[in-house]
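Student: Read off the chains here:
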Amino acid sequence: MTLRVSTHDVALLRHFTVRALRQRFEGTLTGLGWAVAQPLVMLGVYSLMFVTVLQARLPQGVDLAFVPFLAVGLWPWTAFAESLVQGTTSIQDNASLLSKVALPRAVLVLSRVAAAFAVHGIGFLLILVALAAFGQPLRWEGLILALGIFALLGIAAAGLALALAAMQVFVRDLALVTGQLLTAWFFLTPIFYAREMLPARLQPLLDANPMTAFIEALRWSLFGVGTPTIGWIALLWFPLATLAIGSFVFRRLSRHFEDFL
Amino acid sequence: MSTAVEAAPLLVRLHDVGKDYPQVARASDRLRAMARLLRNAPHRDPITVLDGVSLEIHAGESLGVIGENGAGKSTLLKILSGVLAPTRGSVEVRASIGALLELGAGFNPELSGRDNIEMAGTLMGFSARELAARMDEIVEFADIGRWIDEPVKHYSSGMVVRLGFALVAARRPQLLITDEVLAVGDEAFQRKCIRWIEDYLAGGGTLMLVSHSMFHVQKLCRRALWLDHGRQRGYGEVYDVTQQYLAFQERRIAAQEESATTSLSGQEFEVRELALNGAAQQTAISIEAGSALELRIDVRSRDGRVPALALGIVRADGTAVYGVTSAMDSALPKRLDDDTWRFLVRFDALPLLPGGYLARAHAMDPEELRLFDTMERGFAVRGSTRELGMVRLSHEWLIDA
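Going down the list, the protein sequences come from chains A and B. Take 4 as the starting number for the first sequence in our numbering and just add one per residue. Take 5 as the starting number for the second sequence in our numbering and just add one per residue.
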């Protein structure tokens with residue numbers, strides 16, 4: 004079911020993604036305008052907070068201002084985290100629909116991941132444009148690479164969301180745990196800080212966290228900071244492993260959703 | 005089965021399909037169930053709601069599904085429509101399926117009728133282009149006026165159903181699943197729906213109908229499936245299966261009645277035996293429509309007076325068909341011994357139409373003032389006539405020369 008994809012499945016995925024996006028901005032006066040304004044407002048807030056108030060500074064050797072450093076990590080992380088939070092409850096939230104309409108269930112999960120990555124992907128691009136406008140030099144040729152990394156992150160999020168959504172049907176505590184774990188994971192990932200700010204013996208531990216590779220590779224491709232490490236192999240194994248595990252778990256469990264919803 | 009039917013394309017094939025539900029009372033059971041499913045192991049202590057169901061539906065060969073409540077009919081429909089995965093067996097569906105079951109179930113209450121047509125239409129497999137082309141037709145069929153642009157949450161239930169039906173009608177599925185006959189919306193819309201279904205069937209459409217009405221099943225379907233406690237009790241030609249089912253129900257009702265009206269000994273007049281065509285056992289008999297029915301009733305009279313008898317025939321649902329007493333016909337019983345009398349009644353060419361019936365005998369005092377005792381026997385009338393009602397009234401068609 005998850006492997007054979009028909010044009011109808013694609014149409015459904017598009018439909019549910021549009022629906023998820025619409026629900027997000029439904030009832031808000033500014034609608035899509037808010038989607039555009041929000042990343043820029045956030046960028047302003049971070050700039051005020053970290054640069055002006057906290058006077059955050061990156062260590063010697065990281066040749067970058069703090070705001071672009073943070074922004075390039077924060078938006079992809081937000082897309083990833085939001086995909087997992089929204090994805091985990093996607094099957095449960097659609098229980099009444101599933102009990103009445105036959106549809107490929109994975110579509111419900113994947114559409115939420117797609118919606119999160121669409122919103123924050125556009126936000127990410129807006130941020131880059133804004134940063135460039137404020138004089139931040141960007142390696143535009145690295146943009147293609149950055150988008151590729153962003154897409155790989157999306158695949159990883161899809162794989163994890165499939166597994167979480169399937170398990171959430173059986174174990175309802177999962178949604179609560181997911182939120183907590185994501186907060187911990189956020190601080191274990193060098194988004195607010197650079198690898199160089201950790202004690203030297205702890206630094207290699209960051210490579211055990213696959214998200215490190217994504218954040219560092221994005222900074223490297225766009226700003227040329229940092230150096231590729233062996234840990235970046237996570238850019239490949241993490242999406243592949245999560246997608247394999249996620250679709251296995253989902254296929255095994257999705258046949259039985261109806262009995263447990 | 006004729007060869008023409010064999011040649012018709014196969015729409016659906018179920019082979020030995022079964023469905024178990026897990027027993028999950030506590031949260032830890034759910035975790036354990038998940039672990040078993042991930043290992044591909046079966047449920048522990050499952051509740052079986054469907055077992056060993058095999059059937060085929062060919063194009064143009066409508067299937068009726070009958071059975072009591074809780075027999076697994078809804079589960080079967082859910083498996084067919086793809087909402088539920090079977091625990092055992094194989095399901096092969098080679099047709100587009102439209103369900104007139106919970107019309108409007110997939111609607112989003114926040115969206116307008118038009119947006120919901122788009123959404124539900126996409127779920128049903130319409131492409132964006134088809135939907136755009138059909139939109140006007142659907143809106144016109146639903147016929148809910150300006151409401152089409154209002155959010156569905158403001159609709160009456162009738163309007164939701166109209167919209168749902170209009171969508172299924174526009175889809176023109178190869179197999180239409182429905183239960184009972186649509187008892188929704190106002191009468192004008194119901195007529196429209198029934199006309200549409202007749203049209204659909206005339207145009208070669210195939211129906212899977214779940215119904216308690218043997219009349220509808222016999223009228224609309226060629227084959228029938230009888231489910232009883234999740235098992236397939238009968239499957240085949242519609243008349244055979246419906247009659248098996250009716251006879252079974254008769255036996256059950258008769259057994260219940262029997263225990264409910266156990267003769268109270270010590271009554272002044274008591275029905276000792278009621279035999280239909282010589283069969284005195286409690287199981288219902290079945291007779292061919294138009295054949296003879298002979299009733300033998302033995303009545304005991306405590307004080308030696310000659311008893312009278314009231315005789316009735318009712319349909320399985322309790323509707324009275326015919327009643328008569330021995331005194332009306334000035335009939336006297338034959339004395340068997342000191343206190344037992346025997347009545348013999350014969351109906352030549354019983355005009356009852358196929359269905360389930362009960363014969364009732366009531367013992368009465370000679371003055372025919374009081375009923376003392378009652379005994380019932382069920383019987384089924386078999387036949388494949390398509391006449392309607394309970395009784396054949398003799399008639400002839402007059403052709404004006």
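What the hints contain is simulated information worked out from the structure, not anything from laboratory work. In this text, all values refer to a predicted model and were calculated from it rather than measured experimentally. Ideal Cβ placement from N, Cα and C applies to all residues, glycine included. Do not take every clue at face value.
[To be verified] To be clear about the criterion: a stretch of chain B counts as covered by chain A if any three or more of its residues have a C-beta under 8 angstroms from a C-beta of chain A, and this derived list gives those stretches:
id, segment
1, 151-162
2, 319-329
[What the hints assert, rightly or not] Below, a list of computed lysine-lysine pairs in the DSSO-like style, where the Cα atoms sit at most 30 angstroms apart:
id, chain 1, residue 1, chain 2, residue 2
3, B, Lys157, A, Lys103
4, B, Lys223, A, Lys103
5, B, Lys223, B, Lys196
6, A, Lys103, B, Lys338
7, B, Lys196, B, Lys157
Student: Now tell me, hint by hint, if it's right for this structure.
Tutor: To see whether the hints hold, each was checked on the structure:
1. 151-162: violated (count 0)
2. 319-329: violated (count 0)
3. Lys157/B / Lys103/A: holds, 18 angstroms
4. Lys223/B / Lys103/A: holds, 28 angstroms
5. Lys223/B / Lys196/B: holds, 19 angstroms
6. Lys103/A / Lys338/B: violated, 64 angstroms
7. Lys196/B / Lys157/B: Status holds; Cα separation ~24 angstroms.
Consistency note: the structure conflicts with the earlier hints numbered 1, 2, 6.
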